[in-house]
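**Student:** Chain residues, written in single-letter form:
There are 2 protein chains.
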Amino acid sequence: MNISIIKIGGNVIDFPAKLEEFLFLFSRFPGKKILVHGGGIMATKFGESLGVMPEMVDGRRITDKETLDIVTMVYAGLINKQVVAKLQGLKQNAIGMTGADGNLIRSDKRPVKTIDYGFVGDIKEVNVDLIQMLLDKDIIPVVCAITHDKKGQLLNTNADSIASELATNLSKNHKVNLYYCFNKSGVLIDEHNDNSIIPMINEEIYAELKKENVIHSGMIPKLDNAFAALNKGVNFVWIGKAENLLLAAKGKLSGTTIEKHRYDLY
Amino acid sequence: MNISIIKIGGNVIDFPAKLEEFLFLFSRFPGKKILVHGGGIMATKFGESLGVMPEMVDGRRITDKETLDIVTMVYAGLINKQVVAKLQGLKQNAIGMTGADGNLIRSDKRPVKTIDYGFVGDIKEVNVDLIQMLLDKDIIPVVCAITHDKKGQLLNTNADSIASELATNLSKNHKVNLYYCFNKSGVLIDEHNDNSIIPMINEEIYAELKKENVIHSGMIPKLDNAFAALNKGVNFVWIGKAENLLLAAKGKLSGTTIEKHRYDLY
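Protein chains in written order, with the UniProt record's numbering: chain Z, 1 to 266; chain W, 1 to 266.
For the record, the hints were derived by calculation from the structure and aren't laboratory data.
Only a predicted model underlies this, so the values are computations on that prediction, with no experimental measurement involved.
Please note that a few of the clues may not be correct.
Here are the computed lysine-lysine pairs in the DSSO-like style, where the Cα-Cα straight-line distance is at most 30 Å [unchecked claim]:
| hint | chain 1 | residue 1 | chain 2 | residue 2 |
| --- | --- | --- | --- | --- |
| 1 | Z | K18 | W | K150 |
| 2 | W | K150 | Z | K32 |
| 3 | Z | K172 | W | K137 |
| 4 | Z | K124 | Z | K175 |
| 5 | Z | K232 | Z | K124 |
| 6 | Z | K151 | W | K250 |
| 7 | Z | K32 | Z | K172 |
| 8 | Z | K124 | W | K91 |
Make the full structure from the sequences, and use the hints.
**Tutor:** Written out as structure tokens, the structure reads:
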């Protein structure tokens, strides 16, 4: 089957009106689909209200015991269940999941080298059987950024990685497209001009853009991850704004599509 | 198939060592099984740490917006996912669910009469298809005390009612036993003597015990609910301590078994 995996982040989740609008668009998104979400900003705010201050190293949250409890409550509880209920209200039969549910995603606790990230998991194994069974029954998995080690421990796990691991594992038997919604309209030529979207990037274009320093810093790991997914069988990766998702589904150039081969867009 | 539905409450959930012990016993419990849990005490403690004080009327929590968020985080997030992860650690393939997930349980917000209970749901519809599919695949549903109205709203719902509605709806196609774990060893002749367990209650015995005032106050709605479940097709209802659950599964008289007909215990 064709499967679309759509990842949303804090810039959608943390604003009720935006989330509402996104879920409406998502409900209109055609075909088999999976939603992946984080919720870092909300977890940070909520933690602060409990007196737990976030500790970040290189943009990654250090997850001590208290922080793990908070992200479990916010991601798997509040956000995931509100999203599922709202989708049900839009006549979308959704089911919320962490990586522990049905043993969907097993991770290893990140080993301590120079930094102890705490209860952070790096994905080791994805079991797509249950997901396939749910999609077969037209049930939409809504997966949040928590996994487990299969030894009883929950682990905080990057939502982008969850989306891309689900995509690559499902690619073995299905045609999978991966949509990353973020806070810009796509990969931009001028990062201050949201209209300067690069509509398509393949490996040759990517090499050129890096050489010319059009793509740099934070965008490089994002695109490296996208190409890694393509190399593992994902059909295409799209990066853009959540509000342009439906245009993307209709094949209209509304963000940046990343693909291995030139002229093979949709 | 034969299905056992096991409900645990705060007296197990709120004590990590007891929960650990219970989950081990539950992992040894034979056959197809479903776990139902609340988590009221933990939600209350957690709410208080956020400055949200519980408001109770007749033992029922008034669920305002803040309280709904808290119970959603604590029941569906922290407790449900910790239980699922720990069961996975015990090689039990569990999946956590609210009534919103897969549209498992639809409720109506309780109408305001003399008391406004807030976001509290009374169960209207149970969709057992997904549960049956999961049980067929040897996946264990872990259901928490949250439902939804299918219009986008989550609702706080009594865990005993969830257990009994799941049991009666599954009884249409399956042989279902319902186990309520609570803080006493069963229905007691002398409520201060935990050894004075009444091993079996049927309708005739229940009538006598009420007449003699052996059973009174809080135990009456519990038993009325049990008989209501039996009248809707549940095979038997067991009431006892979580630590005696395995004995009960083995047919040993370790609590009170409630059944319609005399001499038809196991």
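**Student:** For every hint, state whether the structure bears it out.
**Tutor:** These are the hints, each one checked on the structure:
{"no.": "1", "hint": "Z/K18 x W/K150", "result": "holds, 21 Å"}
{"no.": "2", "hint": "W/K150 x Z/K32", "result": "holds, 21 Å"}
{"no.": "3", "hint": "Z/K172 x W/K137", "result": "holds, 22 Å"}
{"no.": "4", "hint": "Z/K124 x Z/K175", "result": "holds, 22 Å"}
{"no.": "5", "hint": "Z/K232 x Z/K124", "result": "holds, 15 Å"}
{"no.": "6", "hint": "Z/K151 x W/K250", "result": "holds, 28 Å"}
{"no.": "7", "hint": "Z/K32 x Z/K172", "result": "holds, 16 Å"}
{"no.": "8", "hint": "Z/K124 x W/K91", "result": "holds, 17 Å"}
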